[in-house]
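Residue numbers (the working numbering), protein chains in the order written: chain E, -11 to 282; chain S, -11 to 282; chain A, -11 to 282; chain F, -11 to 282.
Please note: incorrect hints may appear among the correct ones.
[Unchecked claim] Straight line, CA to CA, 30 Å or less: simulated DSSO-like cross-link-like pairs of lysine-lysine:
#, chain 1, residue 1, chain 2, residue 2
1, F, 94, F, 60
2, E, 11, F, 24
3, E, 270, S, 250
4, S, 12, A, 12
5, E, 270, A, 250
6, A, 201, E, 270
7, S, 94, S, 60
8, F, 94, S, 110
The set of hints was computed from the structure by calculation and includes no laboratory data.
4 protein chains.
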Amino acid sequence: MSDTREEKSESRSAILLIHCPDKKGLVASVTEFIYKNNGNIISLDEHVDARKQVFFMRVEWELMDFAIPAEKIGEEFQASIADTFGMDWRLHFSDETPRVAIFVSKLPHCLYDILSRSQYEKWNAEVPLIISNHPDLEPVAERFGIDYHVFPVTKANKQEQEEKQLALLKEHDIDFIVLARYMQVLTDEFVANYPNRIINIHHSFLPAFPGAKPYHSAYERGVKIIGATCHYVTADLDAGPIIEQDVVRVSHQDAVEDMVRKGQDLEKVVLSRAVWYHLKRKVLVYDNRTIVFT
Amino acid sequence: MSDTREEKSESRSAILLIHCPDKKGLVASVTEFIYKNNGNIISLDEHVDARKQVFFMRVEWELMDFAIPAEKIGEEFQASIADTFGMDWRLHFSDETPRVAIFVSKLPHCLYDILSRSQYEKWNAEVPLIISNHPDLEPVAERFGIDYHVFPVTKANKQEQEEKQLALLKEHDIDFIVLARYMQVLTDEFVANYPNRIINIHHSFLPAFPGAKPYHSAYERGVKIIGATCHYVTADLDAGPIIEQDVVRVSHQDAVEDMVRKGQDLEKVVLSRAVWYHLKRKVLVYDNRTIVFT
Amino acid sequence: MSDTREEKSESRSAILLIHCPDKKGLVASVTEFIYKNNGNIISLDEHVDARKQVFFMRVEWELMDFAIPAEKIGEEFQASIADTFGMDWRLHFSDETPRVAIFVSKLPHCLYDILSRSQYEKWNAEVPLIISNHPDLEPVAERFGIDYHVFPVTKANKQEQEEKQLALLKEHDIDFIVLARYMQVLTDEFVANYPNRIINIHHSFLPAFPGAKPYHSAYERGVKIIGATCHYVTADLDAGPIIEQDVVRVSHQDAVEDMVRKGQDLEKVVLSRAVWYHLKRKVLVYDNRTIVFT
Amino acid sequence: MSDTREEKSESRSAILLIHCPDKKGLVASVTEFIYKNNGNIISLDEHVDARKQVFFMRVEWELMDFAIPAEKIGEEFQASIADTFGMDWRLHFSDETPRVAIFVSKLPHCLYDILSRSQYEKWNAEVPLIISNHPDLEPVAERFGIDYHVFPVTKANKQEQEEKQLALLKEHDIDFIVLARYMQVLTDEFVANYPNRIINIHHSFLPAFPGAKPYHSAYERGVKIIGATCHYVTADLDAGPIIEQDVVRVSHQDAVEDMVRKGQDLEKVVLSRAVWYHLKRKVLVYDNRTIVFT
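Work out the full structure, taking the sequences as your base and the hints as a guide.
Right under this line is the structure:
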C-alpha cells in the first residue's frame, strides 16, 4: 500500500513549437540547429497533415551547455531556420510560471479539483484570481486563499462587465483563462483578447449536445455513453478546437441527476488533462483542430 | 494458455417483457403468478421511469414443472394479471430460433463478423439469406453457404425493389433484419413492416455525425474519440432508439482511413452486442429509448 | 454552457439487503410483504449465483403510507419472511447519516477529493475526523474544518497506536473507515472491528501488482494499461472483496511519475464510486466477492 | 449511412528502426542522412528511456528520388551513421509481404477474425498455412482456402512434433507466427527460432491471471474488469514483452461463460491490433518491454 509521488528532476529546458508548409529537410534543419549549438534533445514529436501538407513539430532540449543564451534563441532560430522554411513558431522555457484566471458560476466540482491539483500536482502555474457571475463559490476560494471577484452579468451590462474583467485580467498579468463551468457566453470581443488561451469544459461529447442542458438532451436521446469535452473558446459557441474528451457509460437506470453526477467526474478529469497539456506546451492549433503531442 | 468455451446448460425457459403505468403491487403480482404455478425464476429485472411513471420488467423462469402449459401462459397471464394493470407484454421462449436476414452493401467486416459469430457463439438464430444492393459480397456469403440476393437500388426503382425484398423476407419467414453497413435508406413503408425489428449499425457516436461520411466529419471536427451506434430503425434517419454504443480514442495522427480502420472494429462489436441483446430478449423500447436489461 | 445539479427529491425509504439459499418464491414473498403493507417499491434488484445456489436481493420502498412503523419492520420481516427462508438481511433507511473516518498518510489527492465531494455532492455522511501516521496533511484537514489526529506508527508501537485509534473511532461513533492512500497495513485485530466496513484504494489493477510500489512494478512489466482497485479490507493484504476498479491507458512514453499522475486520477474516482455504492447500500459481500447493484 | 473504405495511396517507403545509447546529435544525424540523400520523411518517432539512457527511433521516408538504391541503404547507413553511434537497427520496406503461420487449437474466434481481416483490411501479409494440435478448425481453414496441418501433441512427442512444425515453417519461408489461442506451451528451443516473432494472445490482463483458466480465476477473485494481452513469446510463460492490452467491464451478473464471451471480443481486437503494429514495423523490443510507435 505504499508509493510516493516522484518528481522528474528537470533542469531548465527550451520548448519550440513549429508549423509550416511541409518540405524535405525540416527535421534535419531544426535538429541540426540544436545539435551544433550543443543542445541535448529531451523529446521530439512531429506530425505531417498529409491532406493539407502542413508540418508540425514540438522539440524540447536542455539549456545546460547550450551555446546560445536563452534570450537570443528566438532571434537566431528565426534568422537561420524559420525564415528559410516560412515557419510559424513559439518558444517557451520550462521554468516559466503562467498566471491563470479561473471563471466559475455556481458549480464547485471543477474549481475544487483545479485548486487541489494546482497544489498536490505542483503545477507550474499561479492562480491569482477567480472571477464569477455569482457569489456562491467565494467560500471555496477562501479555503484556498485566492481572491474572488463577482461580476453579475445581464444582457444589458455584459459588455461593461467584460471590460472590467479584462482590466482586472490585465492588471494581474493573466496568461490564460480556464472556464470551470462558467455559465456565461463570452463575447467575441472578449475572446479575441485571448486567442487559444481560453480553455472551456463542456459537459457533453461534442459535437453532440452543444449549448444548454446537454445532460437532459442526452437523457432524452437515450444515449448509452455520455462525455465531456475541453476546447479552446472561439467566436463560435462550443465549436472551438477540441483539446481533450472522455466518456462514461450510462444506462436506462441513470436519471438525469445520475448523468450529472457521473458527468462531473468526467468534467474534472478532462479539464485537468487539457490544462496540463496547455501548461506543458504540448498543444498546437491549426485549422480549428489541435495537435496534442501527449 | 488454456480455456474452453463453456455453455450454460439451459433448460427451456419463458421470458416475459412487460411495461405499464407504475403502480403498487406490480412485482408482487407477477412473481406470485409465477410462484403459485410452480415456476423457478432465473432472472428478474425491473425499472421504473420516475419521470413518466412507467414500469418495465423482464422476468425469466424455468418451464420445467410449471403448472401452465407453454401455449396457455399468455392467455392466463392476460386474464389474471395483465388486464388488471393495463400491461403491454410479450412472451418468448428460450428455445425459439429467430430467422434473421442480413442486408449489406460493399463492406464485408460486419458481415464476416456476424457469420463467424453465428457459428462459434452458437447463436440461437438462423440466417437463411443475405440481401444486398451490390454483388460484391457474394463470395463471403458463399463461404458460409448462405443465399445472396442482389437488388440494385436507384431512386426510380427503390419502391419496387423494396416490395420484392419484402416478398422474399416473408417467404423466408424472417423475424428481424440486421443492416450490416447497408448503404441505402429504407422507406417508411418498408420500416413499418418490422417495427423495432430492424437493427442498424451507424458508424458514429450518435447523435454526433448522423448521415453520410461520419468519419470524414469526425476528422474535420477534430474529435479525440470516435464511436459506433446500434439502433432500431425508425422513420427518422439515424434517430431510432439506441441499443448500444461504444467508442475508441483517436488523435491528430489518425487520418480518415485510420479512423475507418479503428471504427470498423467498433462497428463489429457494437453490432454484435446489440444483436445478442435482441436475441436474448433483453431489450424493451419505450418513447424512442431502450431499456436494455444487460 | 448551463446546467444545474438536480437532486432527486426523495422521501424517506427503507432499503433491505438479503441473501439466502436460492428457492422458489423468494421474490414473490418479499414483494408481497411490502405490497400488502402498502409500500411502493422504488427499485428492486436480485441476483442468483447459479454455481453456489445463493440468492441476493436489494429492494427499496417508500415508507410514506407503509403500514408497519420503521422501527418494527425488521422484527416483522424476520418473523413473517426471513425465518421461513433462512435469510441473512440488513435493513437501512435512506435518511441515515453514516459517520466516516478517513485515514491518510502523506498523499493528499484522495483526501482533497473526498472532502470536496462530501460537500458538493451532498453526501449523506459526516466526516468528523481524519487519522494519519504523519502530520503532513493537517493543513488540508484545516481547510475543511475537520479534526486531524496524528498517530506515528512503528513496528514496536503499532498495536498500541491501533488501540488508541479504535478508542477514538468508538468515541466518535464511526460507522465505516476510508483508507485514502493510508500506507500502513492494519492488523487483523483492528480489521475485525469493522468487517466489510473498511474501504481501501489500492493503486493497481488487482490482483496484478499487490503490495508496495505497484506503479514501479507496472513500469517494469511494461503493461499498456494501469488501474486502481477499491476493496473492503480483510486479513489478507490487498485480497479483500473488490468493490470497484477502473483503468487508464499508458505507453512507453509514460515514466513511473507519469503513471503516478495518471493513476492518481483513477484512484480518486474509483474510491469515490466505491464509497458512493457503500453509502447508498448497494453492496453485498459473499464469499470474498461483491454484488454491487449499480 | 454511407462511407467507403479509403486507402492511403502509398508509394514505396523505407522504415528504419533504431536503438542505441542516448547521445547528442542522434536525430540530427539520422535525419541529415535521409535529407542529403533526398528522402522525404513521412513519419518520425523517437523515444528516450531516461532511466536506462537508451534512444529509440522509427523513421519512414519515401524512396522515390532517394539517392541510394534500396539494396544499398543498409550498408551506407551502417558506415556513415550506425558505426559512429553504436546503433542496433533494422531496415524494412513498405512493400514487403511477410509470410505468417497461424497456430490454433479448438477455438475459432481469433482465427476467423484474422482470416477475415487479412482479406478486408488488405493486410500486407500472406497466410500460407495454419497449424493445429486438433483437427477441429480445418473447416474454417477450408472456407478461406488455406492449408491446415494437424500435429497432435503429447508430452512424449512434443519435441518431435515441434521439429516437424519447424521444418514446415522453414519450407514455407514463414516470417512470423501468430498463436491464435493455441493451447500448447512451446519449448524454449522452438521459441529461439523466432525471437520477437511469435505473437501470442493471452486471455487475461497480464500479469494478472497467467497460465490456464484465467476467466475462472477472474471470476473467483471477483474482479470488475477483465482483459486480454498480446505479447511476444519468450522462454518465460506469459511473461514476454507486452505489445497491446485491452479490457472490458464485468459485474456479478457475469458468469464464467459470460466472461468468456466478452473476453473473446477483446482477444480478437487486441490480437489484431498487435499483428497490425508488427506488420507496420511499429514495434521495438528492449529489456522485455515494447516501444510501440502508434
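Cross-check of the supplied hints:
Of the supplied pair hints, the one linking residue 94 of chain F and residue 60 of chain F is violated, its CA atoms being roughly 46 Å apart against a limit of 30 Å. This hinted pair checks out: residue 11 of chain E and residue 24 of chain F have alpha carbons roughly 13 Å apart, not beyond 30 Å. Restraint check: the Cα-Cα separation between residue 270 of chain E and residue 250 of chain S comes to about 24 Å, which is no more than 30 Å; the hinted pair holds. Of the pairs offered as hints, the one joining residue 12 of chain S and residue 12 of chain A holds, with about 22 Å between alpha carbons and a cut-off of 30 Å not exceeded.
Using a Cα cut-off of 30 Å, the hinted pair residue 270 of chain E and residue 250 of chain A holds, with the two alpha carbons roughly 16 Å apart. For the hint pairing residue 201 of chain A with residue 270 of chain E, the CA-to-CA distance comes to about 29 Å; that is within 30 Å, so the pair holds. Among the hinted pairs, residue 94 of chain S with residue 60 of chain S is inconsistent with the structure: their alpha-carbon atoms are about 46 Å apart, more than 30 Å. At roughly 14 Å between alpha-carbon atoms, residue 94 of chain F and residue 110 of chain S fall within 30 Å of each other, so this suggested pair holds.
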